[in-house]
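Keeping their order, the protein sequence lines are chains F, H and D.
Each residue of the first sequence is one higher than the one before, starting from 0 at the first, in numbering that gives the first Met the number 0.
Each residue of the second sequence is one higher than the one before, starting from 0 at the first, in numbering that gives the first Met the number 0.
Each residue of the third sequence is one higher than the one before, starting from 0 at the first, in numbering that gives the first Met the number 0.
Calculated directly from the structure, the hints in this document are not laboratory data.
In this text, a Cβ means the ideal position worked out from N, Cα and C, and glycines have one as well.
Take these hints with a grain of salt, some might be off.
Facing chain D, according to a computed beta carbon distance under 10 angstroms, are these residues of chain H, among others [said to hold, decoys possible]:
id: 1; residue: I110
id: 2; residue: L140
id: 3; residue: A202
id: 4; residue: L212
id: 5; residue: M214
id: 6; residue: I238
id: 7; residue: F240
id: 8; residue: L251
id: 9; residue: R569
id: 10; residue: W610
With a straight-line cut-off of 20 angstroms between C-alpha atoms, the simulated SDA-like cross-links for lysine to any residue are [claimed, not checked]:
id: 11; chain 1: H; residue 1: K634; chain 2: H; residue 2: P574
id: 12; chain 1: F; residue 1: K261; chain 2: H; residue 2: E96
id: 13; chain 1: F; residue 1: K78; chain 2: H; residue 2: T375
id: 14; chain 1: F; residue 1: K82; chain 2: H; residue 2: R569
Spelled out from the first residue to the last, the chains are:
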Amino acid sequence: MSKKRRSLVRAAFSAVTLVLTMLLLSGCGNYMVLDPKGPIADKQLDLIIITTLLCSIIIVPVLIITFVIVWRYRASNKKADYKPEWAHNNLLETIWWGIPIVIIAILAIITIRYTHELEPSKALASDQDEVVVQAVSLNWKWLFLYPEEGIATVNTVTIPEGKQVRFELTADSPMNSFWVPELGGQIYAMSGMSMALYLQADEPGKYFGTGANFTGEHFANMTFDVNAVSQDDYDKWVSEAKSSPEQLTAEGYEKLSEPSEKEEPKLFASFPEGMYDQIVTKYMHEGAELHQHGSAQAGESDNGKQTAEANSEEPSSTHSGH
Amino acid sequence: MLENIKEFASEFFVTGDPLIYGADVSIVLATLGIVFVLTYFKKWGWLWRNWITTVDHKKIGIMYILAAIVMLFRGGVDAVMMRTQLAFPDLNFLEPEHYNQIFTTHGVVMIFFMAMPLMFGLFNIVVPLQIGARDVAFPYLNSLSFWLFFAGAMLFNLSFVIGGSPDAGWLAYPPLSGSQFNPGVGQNFYIWGIQISGIGSLASGINFIVTILKMRAPGMTMMKMPMFTWSVFAASTTIIFAFPILTITLLLLFMDRFFGAHFFTLDGGGNPMMYINLIWMWGHPEVYIVVLPAFGVFSETVATFARKRLFGYASMVFAMVIISIISFFTWAHHFFTMGSGANVNAFFAVTTMIIAIPTGVKIFNWLFTMYKGRITFPTPMMWTIAFIPAFVVGGMTGVMLSVAPADFQFHNSYFLIAHFHQVLIGGVVFGYFAGLYYWWPKMFGFKLNEYLGKWAFWLWNIGFYVCFMPQYLVGLDGMTRRISVFSDPNWVGLNVVSTIGAYIMGLAFLFQVAQIGYSIFRHEKDTTGDIWDARTLEWSMPSPAPEYNFAVIPQVHGRDEWWEEKERRRRGEKPWQLGPIEPIHMPKNSAIPAIMAICWFVLGFGLVFHWLWMAIPGLIGVFICLYARSFSAHKAEYYIPVEEIERTEATLRGGAV
Amino acid sequence: MAQSPAHGSDHHDHHAAGHHDPQDIKLLGFWIFLVTDVILFSTLFATFIVLRNNTNGFEGGADLFNMTGVIAETFLLLTSSFTSGLAVLAMHQNKVKPMIIWLVITGLLGAGFLALELTEFVELVHEGATLQTSAFWSAFFTLVGTHGVHVTIGIGWMISIIIQIVRRGLNADTKGKVTVFSLYWHFLDAVWIFLLSIVYLMEVM
Numbered sequence: 000m001s002k003k004r005r006s007l008v009r010a011a012f013s014a015v016t017l018v019l020t021m022l023l024l025s026g027c028g029n030y031m032v033l034d035p036k037g038p039i040a041d042k043q044l045d046l047i048i049i050t051t052l053l054c055s056i057i058i059v060p061v062l063i064i065t066f067v068i069v070w071r072y073r074a075s076n077k078k079a080d081y082k083p084e085w086a087h088n089n090l091l092e093t094i095w096w097g098i099p100i101v102i103i104a105i106l107a108i109i110t111i112r113y114t115h116e117l118e119p120s121k122a123l124a125s126d127q128d129e130v131v132v133q134a135v136s137l138n139w140k141w142l143f144l145y146p147e148e149g150i151a152t153v154n155t156v157t158i159p160e161g162k163q164v165r166f167e168l169t170a171d172s173p174m175n176s177f178w179v180p181e182l183g184g185q186i187y188a189m190s191g192m193s194m195a196l197y198l199q200a201d202e203p204g205k206y207f208g209t210g211a212n213f214t215g216e217h218f219a220n221m222t223f224d225v226n227a228v229s230q231d232d233y234d235k236w237v238s239e240a241k242s243s244p245e246q247l248t249a250e251g252y253e254k255l256s257e258p259s260e261k262e263e264p265k266l267f268a269s270f271p272e273g274m275y276d277q278i279v280t281k282y283m284h285e286g287a288e289l290h291q292h293g294s295a296q297a298g299e300s301d302n303g304k305q306t307a308e309a310n311s312e313e314p315s316s317t318h319s320g321h
Numbered sequence: 000m001l002e003n004i005k006e007f008a009s010e011f012f013v014t015g016d017p018l019i020y021g022a023d024v025s026i027v028l029a030t031l032g033i034v035f036v037l038t039y040f041k042k043w044g045w046l047w048r049n050w051i052t053t054v055d056h057k058k059i060g061i062m063y064i065l066a067a068i069v070m071l072f073r074g075g076v077d078a079v080m081m082r083t084q085l086a087f088p089d090l091n092f093l094e095p096e097h098y099n100q101i102f103t104t105h106g107v108v109m110i111f112f113m114a115m116p117l118m119f120g121l122f123n124i125v126v127p128l129q130i131g132a133r134d135v136a137f138p139y140l141n142s143l144s145f146w147l148f149f150a151g152a153m154l155f156n157l158s159f160v161i162g163g164s165p166d167a168g169w170l171a172y173p174p175l176s177g178s179q180f181n182p183g184v185g186q187n188f189y190i191w192g193i194q195i196s197g198i199g200s201l202a203s204g205i206n207f208i209v210t211i212l213k214m215r216a217p218g219m220t221m222m223k224m225p226m227f228t229w230s231v232f233a234a235s236t237t238i239i240f241a242f243p244i245l246t247i248t249l250l251l252l253f254m255d256r257f258f259g260a261h262f263f264t265l266d267g268g269g270n271p272m273m274y275i276n277l278i279w280m281w282g283h284p285e286v287y288i289v290v291l292p293a294f295g296v297f298s299e300t301v302a303t304f305a306r307k308r309l310f311g312y313a314s315m316v317f318a319m320v321i322i323s324i325i326s327f328f329t330w331a332h333h334f335f336t337m338g339s340g341a342n343v344n345a346f347f348a349v350t351t352m353i354i355a356i357p358t359g360v361k362i363f364n365w366l367f368t369m370y371k372g373r374i375t376f377p378t379p380m381m382w383t384i385a386f387i388p389a390f391v392v393g394g395m396t397g398v399m400l401s402v403a404p405a406d407f408q409f410h411n412s413y414f415l416i417a418h419f420h421q422v423l424i425g426g427v428v429f430g431y432f433a434g435l436y437y438w439w440p441k442m443f444g445f446k447l448n449e450y451l452g453k454w455a456f457w458l459w460n461i462g463f464y465v466c467f468m469p470q471y472l473v474g475l476d477g478m479t480r481r482i483s484v485f486s487d488p489n490w491v492g493l494n495v496v497s498t499i500g501a502y503i504m505g506l507a508f509l510f511q512v513a514q515i516g517y518s519i520f521r522h523e524k525d526t527t528g529d530i531w532d533a534r535t536l537e538w539s540m541p542s543p544a545p546e547y548n549f550a551v552i553p554q555v556h557g558r559d560e561w562w563e564e565k566e567r568r569r570r571g572e573k574p575w576q577l578g579p580i581e582p583i584h585m586p587k588n589s590a591i592p593a594i595m596a597i598c599w600f601v602l603g604f605g606l607v608f609h610w611l612w613m614a615i616p617g618l619i620g621v622f623i624c625l626y627a628r629s630f631s632a633h634k635a636e637y638y639i640p641v642e643e644i645e646r647t648e649a650t651l652r653g654g655a656v
Numbered sequence: 000m001a002q003s004p005a006h007g008s009d010h011h012d013h014h015a016a017g018h019h020d021p022q023d024i025k026l027l028g029f030w031i032f033l034v035t036d037v038i039l040f041s042t043l044f045a046t047f048i049v050l051r052n053n054t055n056g057f058e059g060g061a062d063l064f065n066m067t068g069v070i071a072e073t074f075l076l077l078t079s080s081f082t083s084g085l086a087v088l089a090m091h092q093n094k095v096k097p098m099i100i101w102l103v104i105t106g107l108l109g110a111g112f113l114a115l116e117l118t119e120f121v122e123l124v125h126e127g128a129t130l131q132t133s134a135f136w137s138a139f140f141t142l143v144g145t146h147g148v149h150v151t152i153g154i155g156w157m158i159s160i161i162i163q164i165v166r167r168g169l170n171a172d173t174k175g176k177v178t179v180f181s182l183y184w185h186f187l188d189a190v191w192i193f194l195l196s197i198v199y200l201m202e203v204m
């Protein structure tokens, strides 16, 4: 290696290192996923950390070995051994088949356990009461219905802190995904089905929520706020909402569901009863059964993706019994 | 009348954007320029005889690679435009509509029209030479594959100036891609551009399987094949199982859009989730289709430049076979968030992790090929070494994504974007670059300029990390893919850094173009045919190889046949005893593939615009071509006489060997 | 099957160096093509099975299928498979005329099958079952139609082979074509058996 080239290499190395350091220093802990505000996001972060550590057991040595081998066995280093015919070693190969197998096996067991534990349609604590919020993805805004309170909002959600919230998700638009990174992972919102996602905020705050699956032209504007407030403030908010001047009517919904570029947050004092079910069953012919996915009972069953019919014995009662 | 024409033209041509007008003008100028040059230098006949009608695998390979480089430019321009918008989201450099088209075409172009042809280009150039064959098993079909790819690519790219580009993402999930939400013609261009080139890919898959199974030189058992050929075999097998699924999926989407069928519609009992399953049943194996040959390239370069046998050959083969089988059982990890239930998710999470095992084994084997070797660092080896950290880190984030409940936090975010770019650029692009630099001398008889190549290498690598590392972070900060504007101030800095990285990679690409241009005019001719002192049969012949490849088919004894032969000669033992030269049986050039591809293009274009008056003649043309071939195939062969072979060999080798 | 007829090729003497018999290579290529066609049909079958209950409130197959016609189609296609086998037998004995006659009969049976299938489709359309009616009917027409298109292409291909044999007589090349064609034809027969059981019988039962 000539002197000039070596300095080029060195410059490149330092540039990369510098950028990486800057990035890491630029605020660990501020990243939403790494800074959870609810039990679900918390456990998901645990899982992310466990995975990273387990992977590092292999990754870090590999990176070091790579560097050492490439450096030591460079052609210009005449002191190093040269064994051009050495191409097989049972012991070594057993080791590097074995170690990844062990690590992946551990990771697989952890994953299977967590997959059941964090099944999004599973209530966090079954004895605790819950708030139900129905979210509908429209082009290009989110409509939220509170079936128990009888109020509706657009592009904003208010929930009580410390209480589990059962989000029921559907779409009257192309498939979207409902994501509030600080509270927990996302689940698809699909037309013709209702999906359940349990989330909970442990402390009051304003959290970022977004549509995560592309739904067309102004998809980028499908963000919303999640306001976690104390139970008292929540009750206050509900009664304020109930006295808000606007009501969501069937015609109002028709208008709202038409594509619009960007929608400011809105409150509606009421909405027509059974509206959510109507949206879910909109494209079904008369007499068809509701395709229900991810309900608390169905969540644990292994019924595949296209066989939604399998658990359609329960009639359209997406949120009965609350 | 005039009004009607005007109205039609404003619908037909994409209008209203200065970028498009600029593109229109440059396309017209470039076309005129090419026509002028060809006419002025009287090169039309040369183009027709030597390239358009050729059935020579080496020339077809060169055409694939040329097309892939042009498409890399197009996809790269798309990427740079996206990054520009994201660095300055408030400037509205791109309207959302335009942005959506650009990320869609970026993905489609990079996978279908850049990675696939670059891969087939390397297949074509290397495999027959490596296994001691005169050509692929079906040279005519090979030419047809290329022209179908080309017709598909042209049809897709035409959407930029005619009719409008697709804008539903690179995999076009319905219902967004269905006529209810996407009534324009852009999505039709998507369907037919990919369908036509996909048929070509399928044919190539068949072609290379048969080539490898039937055309190996005597003595070369399966377990003596060079590792690149093994990777081609694994990738081709994966192609023949995966691509028919794509063909049907696109056909069904077409049925929905053209005939109003109800496969994936919201109404009429359609099931959009089925599309997502089907497209990933193809889509996941597809990723391994493009990455396995890159693994093959690394296996060749690492052994050559460490001047050592490839470590753990049997392990390597086994790992590759396992990867291509398991790749068919992981598709649902692309939509853990669909809510299929914990057991389904757990199953697909575990299958996905299992793939990490054989992949990891391959990395160890490459490392221990270098262990106790004598490593030199020309550009192909630099790309090989750069691949290891890039792919190892990308693989780790892949394992992180495979943990289903954690994926709920990564899915559709920039974390995912960073991951797949890291494995696709770090794995596939680095691998194909390594292959391109490595086999370039075999293709053209000279090496690419190393100085410019090293500049390009470092810029690529720096740009790559600067671009994608911030994307992991911004993804963890909740930024989702496919958005053209955002309001979170925390994302701005990371996006600006990422954009700088993209520009550095753009610059690196320009260095590569300059490198190729410079090397064409200033190079040293390779007279040895074995410029890297390499190990496999393709280096035993002059560079570039004569049209018939091997004057006499060699007898193979070991895995590194050419290396062992050189060792024998170094020890002063008797060299190869080749049989006498005999007349060589060769396929004749054929114009039918190119003509049939034009017919497919016409058919596709007609179907895009629902013009049956155009589509039906196109279809008839396709069948006429099939008939014409069936009736003439037995006459499409000839023999090269012994004297001509002897003359060619004498000129090429200059009496050196 | 794989190594049956292609040997004894008159090209053999020229391939001393490579030992690659072109007919052998073509046959393997065609087998692999058939693998891709199997995947193609499997995907369509999977689609049909997923969508079979999505009738959108309209009548399904059980109400509208005309099983007499379907059984007649089955009979024609199975017989044509048998006659194509007879053609190959005649070819092995180098009996050109009987071979052509068996091929023509195969083609006519295939055409009869197609005519019946088209009649069936027309009747269904008259009953109101079209591609647009429901997911079930979309899947039905696409799956059965794809098989029909395969049969149509097969007939066209066979005509071209017959013409070539009449012109050039039987040699390694044309024999290879007949072999490959008969493989294709048997394959379509096998696909039809699956169609019959999964689409028609399971629907009616």
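Results for each hint:
At about 20 angstroms, the closest approach between the beta carbon of I110 (chain H) and any beta carbon in chain D exceeds 10 angstroms, and the interface hint on this residue is violated. Taking 10 angstroms as the C-beta cut-off, the interface hint given for L140 (chain H) holds, the closest approach to chain D being about 8 angstroms. Because the beta carbon of A202 (chain H) sits about 9 angstroms from the nearest beta carbon in chain D, less than 10 angstroms, this interface hint is met. Satisfaction of the interface hint for L212 (chain H) is found here, the shortest Cβ-Cβ separation to chain D being roughly 7 angstroms, below the 10 angstroms cut-off.
Annotation: M214 (chain H) was flagged as interfacial toward chain D, and the flag holds, the nearest CB pair being 6 angstroms apart, inside 10 angstroms. Interface hint status for I238 (chain H): upheld, as the beta-carbon distance to the closest one in chain D is roughly 9 angstroms, under 10 angstroms. The interface hint given for F240 (chain H) is met, as the beta carbon of that residue sits about 6 angstroms from the closest beta carbon of chain D, less than 10 angstroms. Satisfaction of the interface hint for L251 (chain H) is found here, the shortest Cβ-Cβ separation to chain D being roughly 7 angstroms, below the 10 angstroms cut-off.
This hint is violated: R569 (chain H) has a C-beta 28 angstroms from the nearest C-beta of chain D, more than the 10 angstroms allowed. At its closest, the beta carbon of W610 (chain H) sits 20 angstroms from a beta carbon of chain D; the interface hint therefore is violated under the 10 angstroms criterion. Using a Cα cut-off of 20 angstroms, the hinted pair K634 (chain H) and P574 (chain H) is violated, with the two alpha carbons roughly 38 angstroms apart. Between K261 (chain F) and E96 (chain H) the alpha-carbon distance is near 14 angstroms, which keeps this suggested pair within the 20 angstroms criterion.
For the given pair, K78 (chain F) sits about 15 angstroms from T375 (chain H) by alpha-carbon distance, which is consistent with the 20 angstroms threshold. Simply put, K82 (chain F) and R569 (chain H) have alpha-carbon atoms about 17 angstroms apart, close enough for the 20 angstroms limit, and the pair holds.
Going down the numbered hints, you'll see the structure goes against 1, 9, 10, 11, while the others check out.
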